[in-house]
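Generate the whole structure from the sequences, applying the supplied hints.
Chains as they are written, first to last, in the numbering used here: chain A, 1 to 293; chain B, 294 to 516; chain C, 517 to 773.
In short, the hints are calculated from the structure, not lab data.
Keep in mind the model is a prediction, meaning the values are calculated, not measured.
Pairwise CB distance ranges (calculated): (1) E309/B / P522/C: 45 to 51 Å; (2) K536/C / S107/A: 19 to 25 Å; (3) N116/A / P522/C: 50 to 56 Å; (4) F9/A / E309/B: 56 to 62 Å; (5) Y99/A / D696/C: 41 to 47 Å; (6) E315/B / Q724/C: 33 to 39 Å; (7) G667/C / A279/A: 35 to 41 Å; (8) P522/C / Q365/B: 29 to 35 Å.
Glycine residues also receive a C-beta, built at the ideal position from the N, C-alpha and C atoms.
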Amino acid sequence: MAVISQAEFQRRRARRKWMGRAFHAMCLLSVCIALGMLAVLLVYLLIQGITGISWSFLTSFASRHPEQAGIKAAILGSIYVVIVAGVVSFTLGVATAIYLEEYAARSKFARIAKINIANLAGVPSIVYGILGLQIFVHSLHLGKSVLAGGFTLALLVLPIVIVAAGEAVRAVPPSFREGSYALGATRWQVIWHIVFPLAFPGILTGVILAVSRAIGETAPLIAMGALTFVPFTPDSPLSRFTVLPIQIFNWTSRPQEGFQEAAAAGIIVLLVILLVMNAGAVILRNRFQNKWD
Amino acid sequence: MVRADFDRRLEDLEAELLGLGEMVEKAILKSMDALKRRDLAIAYEVVAEDDLIDEKRFELEEKCINLIATQQPLAIDLRTLLAVLHIAVELERMGDYAEGIGKICMIIGDDEPAETPQKLDQMASMGLAMLQRSLKSLMDRDTDLANDVWDSDDEVDALYASVCHDIFVEMGQNPKSIEAATHFLWVAHDLERIADRATNIAERVIFVVTGRIGRYKPPESTG
Amino acid sequence: MQNQEPILQTRGLSVYYDTKKAVTDVDLDVARNRITAIIGPSGCGKSTLLRCFNRMNDLIPSARVEGQVLFDGLDLYGHDVDPTEIRYEIGMVFQRPNPFPKSIYDNVAFGPRINGFDGSIDEVVEKSLVRAALWDEVKDRLKASALSLSGGQQQRLCIARALAVEPRVILMDEPCSALDPIAALAIEELMRELSEDYSIIIVTHNMQQAARVSHYTAFLMVEEARVGFLVEFGESRQIFTNPEDERTEAYITGRFG
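Written out as structure tokens, the structure reads:
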């Protein structure tokens, strides 16, 4: 027997349906706003900068004349710095993660370390710049070089790599570890033959995230002494350099209209590089994707 | 309580077995009664009712097989079910002996009111007592009572020998009584077998309680 | 003349996780070239006891072992004993089949390879797969992924993997509980064949399986006061038809409260 009348039930049901639809509409609206803003930004960029993209733009150095400005030095600088940052953060990050998850697992030390590492991810990036200046540029006498810049960025993105690698290592099912131990493997063999290969896709994801972050950093590199006007390509790890975000920033602060176009063009180049990197990462990750699930 | 259903079925099964035992007891009593009073009607009943005993035995067998297949019994449950199976067969054979006595009664008919040897009556009551004791020992899981059944068997065997001897003497002295005497020989034989089957039941009871299979071995005399 | 001495013995074996006792004072003799089953209710410490034999409890930081585990007279928990060495001699098969996400060949070859084996890996792989009754089914696709096999085949692969390092003892922790009944029976049949050359200890909660497959059975129990103590040990045909201890009988007839 019904607790409420038929009419009341119908009314309530209708109201629930209406609420469901309203919620759906709200979500749709949010998506439209977010994507819309993104679309507007992209369109504006393209309009502003697409005319600026040319071979000469990509292969010329910066200059005082907007028509002759190019981003050759900036692209190469970004690439070199990011390579250094990637390699260093990968090595240090993976080793740290493996130590914390395998060798020191569940120890008090590991718990404290992990908390602190997570906190480091929230430190303002300028702090890393100052740190880099003091340690790499001055104390280690590396000068305001590509190497110093790379190391600085590596420190910046290290927490990202450690956290991602740590999760990837933790995600390796314990049954595989047990199975290898039971066959007489040493801890090192278990890590090298089983854990690391299986965690690799996750680690790769972490490194890609890190590198994507690094390529867009401006403040720390300015702080440790990257140049803004570079009429040469970096020819050694110890040479001075500039990077794309800095070059773009430099152009936007110039009054001439031509430089605004150049900046927009530079942003497009930066976005394209990011897109290509991420696409490459997705491809790589799919190739290594695990067939255990 | 875990396995309450199985426990209930086992209890029901044992109760039915004891019921079969009662049927057999009645059959033995009736057949001896018919023999003593030359009552052909009762003899006929005994013979007819043996079919019911047979049916009951097969029913019990089926239930045992069912429980063994569906319950995966182990240890004491397994031993109990196997014992029920065997005892049902023993009881059914005892019923056949009672039927045999009834048939003999029908053959003797109501012509000669020859005396039924008194010792036959004794054998019958001893055999009945042994049957009752063996079934009680199953109910109570009492190995001492089961062992007592063995002791009585010796007495029954002695009685049997004595009855046979008496009958042979009678046959020698009175050739006209040979036919009747032969019948009584058969009755004695059937009664001895009834007692013997009771000891088989006692054996199975000992199997259930101790897990020991085998012929009864009288306890070694100490000294 | 075959050695009749037990291949593994425990003396006063107790296992603690921090302060919680999981196994209490167990004295057990494991017969050579026979199958010994360890049965008992959940939480009675059967797996913990099993893992003492190949020192897999070492992997759990809070685990502490007291007493002795003797392997042909050698105390496995002695000072200068390396756990990884033991595990070549005493192998293990787990409850859920856990083949590595590699090829069938690489799975079986894993043990010998990390062991530094320098003979013919092909031969070892074939021999092990034959002995695990899996060769005929996979000989044409050794490079296929191990995960493409059915559950029962995967478990046999794990057995082949364990056999590849030539152990003397095989420990099995509920090896059939994740398999369908037919696959489980196939494993039981394999165990019987293997017991001619290996000593096997199997932990199982399946009474009928223990009765079918083992020569000896040990019954472990847990009570208010004590956890993981040995109640009864004997020949399986005795334990399952007429056990001596009424607690054993209560457990195997399913009358445990």
